[in-house]
Amino acid sequence: NAGVTQTPKFQVLKTGQSMTLQCAQDMNHEYMSWYRQDPGMGLRLIHYSVGAGITDQGEVPNGYNVSRSTTEDFPLRLLSAAPSQTSVYFCASSTYGAPGQAGFSYGYTFGSGTRLTVV
Amino acid sequence: DAKTTQPNSMESNEEEPVHLPCNHSTISGTDYIHWYRQLPSQGPEYVIHGLTSNVNNRMASLAIAEDRKSSTLILHRATLRDAAVYYCILRDLIPSNTGKLIFGQGTTLQVKP
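From first to last, the protein sequence lines are chains A and B. Heads up: the first sequence at position 65 corresponds to 65 in the working numbering, and the numbers run straight through without jumps. Heads up: the second sequence at position 8 corresponds to 8 in the working numbering, and the numbers run straight through without jumps.
Simulated from the structure, these hints should not be mistaken for lab results. Check the hints yourself; a few may be wrong.
[To be verified] A few chain A residues that don't get close to chain B, going by computed Cβ distances all over 10 Å:
| # | residue |
| --- | --- |
| 1 | T7 |
| 2 | Q17 |
| 3 | S33 |
| 4 | V50 |
| 5 | D73 |
| 6 | S94 |
| 7 | T117 |
[Stated by the list, open to error] With beta-carbon atoms standing in for the labels, derived distance ranges:
| # | chain 1 | residue 1 | chain 2 | residue 2 | range |
| --- | --- | --- | --- | --- | --- |
| 8 | B | P40 | A | E59 | 18 to 28 Å |
| 9 | A | T5 | B | R81 | 16 to 26 Å |
| 10 | A | S80 | B | Q42 | 41 to 51 Å |
| 11 | B | N56 | A | P75 | 21 to 31 Å |
| 12 | A | E59 | B | P7 | 15 to 25 Å |
| 13 | B | R58 | A | G16 | 45 to 55 Å |
| 14 | A | S84 | B | R58 | 35 to 45 Å |
| 15 | B | T108 | A | T5 | 24 to 34 Å |
If you're wondering where the values come from, they're calculated on a predicted model, not measured in any experiment. For each residue, glycine too, the CB sits at the ideal point set by N, CA and C.
Chain B with its partners taken away, still in its complex shape (with noise of 0.2 Å):
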């Protein structure tokens, strides 16, 4: 299974922006990069996926580099609600494969007021 690199934790202040970085240096061309977020006592979240190209949605962006080997998830205002454990995954488009998903360690992210 291909694997990412996340910082453990990172700080941001309220309402400024938030660049949460992944590197996936084996990433298949059948892989999609996921990101998915934890609440304190809450189930994960899923937050927005990509193959290629840059996504964007109402809960964030995700920028990915032209050789795919990493991505950046980015929050454009982070807010006290945003403070959770932040999952950067990898997933197989091929579909007897795509069931898996492999969680790693995330990224805590702290957010001050």
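If we strip away everything but chain A, and leave its shape as in the complex, we get (with noise of 0.2 Å):
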């Protein structure tokens, strides 16, 4: 299993640009969810999902969209990039299955993040 893979790693953009980052699973995950992490800050949630085409806003939404069409894929389009998007990315993915349940683990697994610029 390749776990939590994200793409690109890097990408630097100009504002006004908008872009996608994608994120993908192979485990079969329900929920889903992308963080945005600042500089010396901690994560902050920007959207969720727990399941095919079910999508929630998380705490900082504003300049990003997303959809879940499969379990596996999860993308975050950013509509028109500015420099306060300027960030490192995480992609988060979790089960949910019943305490005792041969194999449970509640625990997400994270990408390895994109660093996004934009200058």
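Using the hints, build the complex out of the two chains.
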């Protein structure tokens, strides 16, 4: 299993450009999330999904769109990049199951991040 | 969302035990207590979680107060590789809420040789 794969690892955008950060997981996890982490700060939740076709806003959703057409993929779209969106972006996924089930794990698995700079 | 409170930073000596505290006085009956850590320049890594009873795994132990309003992550023998930011987070068991994992500022652990 590859786990959670994020692409690209690095990206430089000009103000006003749009782009999509890709996130894929091969663990058949129901839950997927996007976070941003500014330098020296903690992680802030942008959007999350509890299953294919279902998404919801997190703490800082403005300027970002998401969709979840398949279980495996959860792309994050920046509509019109701004310097304030310069950050490291992390994607994460998790399953949900009944405690006590064999192999039950309730932790989120994170990708290695995308470092985005908007100039 | 239920909140957690952690010290901003802690120091430890290598090969000594470390006790990282977390207060969560507004925890609800459906909240699991999760701990994650983030090594420098990496994504967060799941460490351990629990509901009511103390938990052990290969990475750490989690001690949960009887009233569940506080918990302690225990690293039994700190190594230099354990220097990281440690996050204590509450995750709701209810399926419609459980996708929303909110991070606080965490505790930065320094390990001295």
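Verification of the supplied hints:
1. No Cβ of chain B comes within 10 Å of the Cβ of A:T7; the nearest lies about 14 Å off, and the non-interface call holds.
2. The claim that A:Q17 is not at the interface with chain B holds, since no C-beta of that chain comes within 10 Å of its own (minimum 25 Å).
3. Interface exclusion of A:S33 from chain B breaks down, the closest Cβ pair being 7 Å apart, not more than 10 Å.
4. Separation of A:V50 from chain B is inadequate, the least Cβ-Cβ distance of about 4 Å not exceeding the 10 Å criterion.
5. Taking the minimum C-beta to C-beta distance to chain B, about 16 Å, the non-interface status of A:D73 holds against the 10 Å cut.
6. Not every CB of chain B is more than 10 Å from the CB of A:S94 (nearest about 8 Å), against its label as outside the interface.
7. Under the 10 Å C-beta cut-off, the non-interface status given to A:T117 relative to chain B holds; the minimum distance is some 16 Å.
8. One distance hint, 18 to 28 Å for the beta-carbon pair B:P40 and A:E59, holds here, with the actual separation near 24 Å.
9. At about 24 Å, the CB distance of A:T5 to B:R81 agrees with the hint of 16 to 26 Å.
10. The hinted range of 41 to 51 Å is not satisfied by A:S80 and B:Q42, whose Cβ atoms lie roughly 30 Å apart.
11. Separation of B:N56 from A:P75 is about 38 Å and departs from the stated range, judged on CB atoms against 21 to 31 Å.
12. Checked against the hint of 15 to 25 Å, the pair A:E59 and B:P7 passes, with Cβ atoms roughly 23 Å apart.
13. For the pair B:R58 and A:G16, the supplied restraint of 45 to 55 Å holds, since their beta-carbon distance comes to about 48 Å.
14. In this structure, A:S84 and B:R58 meet the distance hint of 35 to 45 Å, their C-beta atoms being roughly 40 Å apart.
15. Checked against the hint of 24 to 34 Å, the C-beta distance between B:T108 and A:T5 comes to roughly 28 Å, which is consistent with it.
Taken one by one, the earlier hints fail for this structure at numbers 3, 4, 6, 10 and 11, listed in ascending order.
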